[in-house]
Every structure is written in C-alpha cells, then in structure tokens.
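Trainee: Starting from the given sequences, assemble the full structure and let the hints guide the process.
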Amino acid sequence: MIHDGLAPNSLEPDISLDRYLARLASNEAAPGGGAAAGVTGAQATSLMSMVCALSETSEDIQRISTIAEDARSRFLSLVNADITNFLSLMQLYQKPPGSTPMDQRKHQIQEALFAAATPPREMISLSVNLVEPLQSLHVNGNTNLVTDTGIATQLLIATISASQLNVQINLNSIKDESNRKTLSDTIKGAQTAITQLQNLVAAINHNL
Numbered sequence: 001m002i003h004d005g006l007a008p009n010s011l012e013p014d015i016s017l018d019r020y021l022a023r024l025a026s027n028e029a030a031p032g033g034g035a036a037a038g039v040t041g042a043q044a045t046s047l048m049s050m051v052c053a054l055s056e057t058s059e060d061i062q063r064i065s066t067i068a069e070d071a072r073s074r075f076l077s078l079v080n081a082d083i084t085n086f087l088s089l090m091q092l093y094q095k096p097p098g099s100t101p102m103d104q105r106k107h108q109i110q111e112a113l114f115a116a117a118t119p120p121r122e123m124i125s126l127s128v129n130l131v132e133p134l135q136s137l138h139v140n141g142n143t144n145l146v147t148d149t150g151i152a153t154q155l156l157i158a159t160i161s162a163s164q165l166n167v168q169i170n171l172n173s174i175k176d177e178s179n180r181k182t183l184s185d186t187i188k189g190a191q192t193a194i195t196q197l198q199n200l201v202a203a204i205n206h207n208l
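Reading the sequence shown from the start, the letters are residues 1 to 208 in the numbering used here.
The following label-pair restraints were derived from C-beta to C-beta distances: (1) ALA22 <-> GLN196: 32 to 40 Å; (2) PRO96 <-> VAL139: 53 to 61 Å; (3) GLU59 <-> SER99: 57 to 65 Å; (4) GLN108 <-> ALA29: 14 to 22 Å; (5) ASP18 <-> MET90: 20 to 28 Å; (6) GLN62 <-> THR147: 21 to 29 Å; (7) ASP103 <-> SER58: 53 to 61 Å; (8) THR147 <-> LYS106: 45 to 53 Å.
The calculated lysine-lysine pairs, modelled on DSS-like cross-linking and capped at a C-alpha distance of 27 Å, are: (9) LYS175 <-> LYS188; (10) LYS175 <-> LYS106; (11) LYS95 <-> LYS175; (12) LYS181 <-> LYS106; (13) LYS95 <-> LYS106.
Since the hints were made in silico from the structure, they are not lab data. Computed from a predicted model, the values in this text were never measured in an experiment. We put the beta carbon where it would ideally sit given N, CA and C, even for glycine.
Mentor: Written out as structure tokens, the structure is:
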C-alpha cells in the first residue's frame, strides 16, 4: 500500500512524525528497520545540538554543534538511501525467472546486496565518529542537561546495534571477499564504539 502523496522510495523532507510512523507501521516493504535506525541516529544528533545550544559557548561546544548538525543531515540522507537501495534489491528478487540471463542476474543481485548494506554501514561509521564528540559534550556541556546527553548516547547505541543487524543480513549472502571484508571490519569497529558509549552511559548514571 502506498499512501497518497508519498513517494514509495523516499520520505518527504517535511513529513510529519505521525505520518512517518504510519508509513513505518504499514504493509509497505520500506521504510523499515534501516530507516528507523537512521531516524534514531538523527534524534541522537538533534539532542546533541540541543545540549550545545543550551551550553556556555566555547570553541569545543561550537565544534560539537557543527559535527552534530552535519551528522543529522547525513543520517536523514541515509534513511532515503536505505529505502531506495532496499527496494532496488527487492525488485531484482521479484523479477520473473528467465527474464535476465542467470549470470547477469547473480551479478546484479550481488551488487544490490552490497548497495543495500551500504547505508547501514555508513550509519555505523557516522555513529562511531560521534563517540568522541559525545564524550566531550558530557565533560563540557550544560550539566543540567546531562540526561539529554545520556539519552543521545543510548540512541546512538541503538542506531549502531540496529545497523549491525542490517549489515549482517546482507553480508550473509555476499560472495565478493573484498566487500565481505569491508562489511566485517565495520561490524568489528562497531563493537568498540558500543563499549565506549556504554561506558559513557555508566559514567552519567554514576553521577546522577
């Protein structure tokens, strides 16, 4: 089912929260978990921006604010990339047997699998690069908003964990060793970031 006024392979830039959630809850193939992960990352960076906006101005706070704003925009771009690439993969799987030579079909599917894994892989990389700014925000940000910093951290953990699932499901079917290594290395790096973020949450909880 395609909702009136909504393109099947993207989200409107000004889509309302209610309409986004209705589309997420519908029987459409996308948006799905990959898009939800990207929106979660965007929420994390929005909270980072809020804490920066309500903190005493400094060079470091300005740096973090710029990083957070750029990351939010990138997360939202990756949401639409995830929808587009996933639907492209599904279209290949749904082609009638014999409509494409077997070797060509296999090659197209392999390319589409890696493309489908790319937005969640980039969400992970983007999240990993936010670990240090979040740690610095905890130290230098408005102490009255420490729970907002903590919630941003928790949301980023969720973004990474969710994106790992989407990378792994595609990795399981990818044959090219170079592409497999690229995805595997991303997953390994994600674990380190999750541990660092969990430690930050623990530190915040300890000081409440």
